[in-house]
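J.: The lines below spell out each chain.
There are 2 protein chains.
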Amino acid sequence: MISEALILDGARVAADMKEKLGDKVSRLAEQGVIPCLATILVGGDPASATYVKMKGNACKRLGIQSIRIDLPEHTSTEELLAAIRELNLDPKVHGILLQHPVPHHINERAAFDAIAIEKDVDGVTTLGFARTAFGFADFPACTPAAIVAILDYYNIPIEGKHAVVIGRSPILGKPVSQMLLNRNATVTTCHSKTTNLADLVRLGDIVVAAVGKAKFVQADWIKPGAVVLDAGYNEGNVGDVDYEACLENVSAITPVPAGVGPVTIATLLKHTVEAAEKAVSV
Amino acid sequence: MISEALILDGARVAADMKEKLGDKVSRLAEQGVIPCLATILVGGDPASATYVKMKGNACKRLGIQSIRIDLPEHTSTEELLAAIRELNLDPKVHGILLQHPVPHHINERAAFDAIAIEKDVDGVTTLGFARTAFGFADFPACTPAAIVAILDYYNIPIEGKHAVVIGRSPILGKPVSQMLLNRNATVTTCHSKTTNLADLVRLGDIVVAAVGKAKFVQADWIKPGAVVLDAGYNEGNVGDVDYEACLENVSAITPVPAGVGPVTIATLLKHTVEAAEKAVSV
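If you read the sequences in order, they're chains U and Z.
Per numbering that gives the first Met the number 0, the first sequence starts with residue 0, numbered consecutively.
Per numbering that gives the first Met the number 0, the second sequence starts with residue 0, numbered consecutively.
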């Protein structure tokens, strides 16, 4: 029988990160610098609007300035690129976040890649991904970085473990696979075309769910004693993992909410503060 | 019992690629353009000198110009970067290949990344890797591209298969993992810190050996009927796979020599010609 599962408390990890950030923000203030995150929201998707608002509030509580740029649904790719370029040139702006997803008619990849690498605090650029994969990114994508931060906070070993990542998106599945690989995990990346998903997930010492489907990962897919990180956030405040059922099998698991989510936001704030520090030291 | 293994004939795949390239070179010649590959060799490593010579000869046979730049062992990173920048600016040069490895005192990553993306026909830049990972690279790294080309030439399905890649280098293990992932394989990337390597390799429908150790991959690691691609080339003309022993288990396998190697060179030529075509069309 497995002893009781450790609940990986993202709220606690995030609070710890923010406490350290508070000191940095104070030191920057002494130099007359206020870290500033610009968030761009295109269109009126209510979930996206909520996310942007949450990020803005999180900035405010920490003394980070946030600028919110709302663009109408019918914004063209060129117009969005122009807005991004303006923020790239603005010395008061240290970080730029383009809320994903943008309306379908926009070339999202082009928009992401228009963000200056030194302001890409959300880790969405093509170049930022490659630097993450090669292990020298300043700002890896926030959710992957949050997942690694949670493992580190709880001293859960990564090296030599088999990590199974379900999902291969450019801002989640792919970068988290690379980050775990760079931490010397053996990594299996699964996705919608994987034929024997349950069998493969069952091999994982560490399982990362990044699917975007509510309660997709089943308890009997989980090897007893595995560590499960749930990066999903679906309607009804549920993750990609059948949390209650998995509790019996896992040695540790992130809940939803209060798991990966708050650490992702704390990581965004951390990157923004670090971008401000770098801008000062230039 | 397994029927006789299919030997994946790299020489044949390469010959086929070069035949198609010949036509393209002729069409470029009609426009007064000769594709040109510049190869840079730093120091006197005999194996590297042989590779560079082979690549030069391969160019010559196809009517591609090759410029060879030999720099002394004591070349500094700055001097190497200057040489690369000069080639970036030279409109007659369509592709630049920096022979790996460079002497230890040089920052190889900086040197690779100094190559202009449109001339990165060897697929070694950080940005080139990311574009490969995101599926829109013009020139993925040549050996990974060769591996996929061999699978395609023999109509070996990739989608839904479990590919196990042994190795995680920036120009081989990592990009081939991403290319197979983008072709809808489920991909496990193994390396020196992988604890249960034999068990994991045994899961592979497709196994890519990119280790750099002679006869490292053993026959009893191979699932009966698997396809094995050997990207290794070690002293004594042997690959990373115990070829003779594996023949009994596999459904298909690349030999060494005349497996992945010639297709890698053909891919380099193909990228150089394509770079010339792009330069003309600008």
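Since the hints were made in silico from the structure, they are not lab data.
Some hints could be false.
As the list claims (entries may be wrong) - DSS-like cross-link-like pairs, simulated, lysine-lysine; straight-line CA separation at most 27 Å:
no.	chain 1	residue 1	chain 2	residue 2
1	Z	Lys222	U	Lys192
2	U	Lys52	U	Lys91
3	Z	Lys222	U	Lys222
As the list claims (entries may be wrong) - So the derived list for chain U, only partly shown, Cβ under 8 Å to chain Z, looks like this:
no.	residue
4	Ser25
5	Leu27
6	Ala129
7	Arg130
8	Ala132
9	Phe133
10	Ile155
11	Glu158
12	Thr185
13	Thr187
14	Thr188
Just so we're clear, the structure is a prediction, and the values are computed from it rather than from any experiment.
Even for Gly, the Cβ is constructed at its ideal location relative to N, Cα and C.
J.: Given Ile155/U was flagged as interface, is its beta-carbon under 8 Å from a beta-carbon of chain Z?
T.: 16 Å, violated
J.: Quick check on the hint: Ser25/U CB to chain Z CB, less than 8 Å?
T.: 35 Å, violated
J.: Below or equal to 27 Å on CA atoms is what counts here, so check Lys222/Z against Lys192/U.
T.: OK: Lys222/Z and Lys192/U at ~21 Å, within 27 Å.
J.: Once the shortest beta carbon distance from Thr187/U to chain Z is found, is it less than 8 Å?
T.: 4 Å, holds
J.: Given Arg130/U was flagged as interface, is its beta-carbon under 8 Å from a beta-carbon of chain Z?
T.: 6 Å, holds
J.: Does the closest beta carbon of chain Z sit nearer than 8 Å to the beta carbon of Thr188/U?
T.: 5 Å, holds
J.: At a threshold of 8 Å, is the proposed contact between Glu158/U and chain Z supported by beta-carbon distances?
T.: 6 Å, holds
J.: Report holds or violated for the interface hint on Ala132/U, using the least CB-CB distance to chain Z and a cut-off of 8 Å.
T.: Holds: closest Cβ of chain Z sits about 6 Å from Ala132/U, inside 8 Å.
J.: Please verify whether Lys222/Z and Lys222/U have alpha carbons no more than 27 Å apart.
T.: The given pair, whose Cα atoms are some 23 Å apart, holds under the 27 Å limit.
J.: Quick check on Ala129/U please, does its C-beta sit within 8 Å of some C-beta on chain Z?
T.: It holds, given that the least Cβ distance between Ala129/U and chain Z is near 3 Å, below 8 Å.
J.: Verify the proposed pairing of Lys52/U with Lys91/U, using a straight-line Cα cut of 27 Å.
T.: 20 Å, holds
J.: Take the shortest C-beta to C-beta distance between Thr185/U and chain Z; is it under 8 Å?
T.: 4 Å, holds
Checked against the numbered hints listed earlier, the structure breaks hints 4, 5, 10; every other hint is satisfied.
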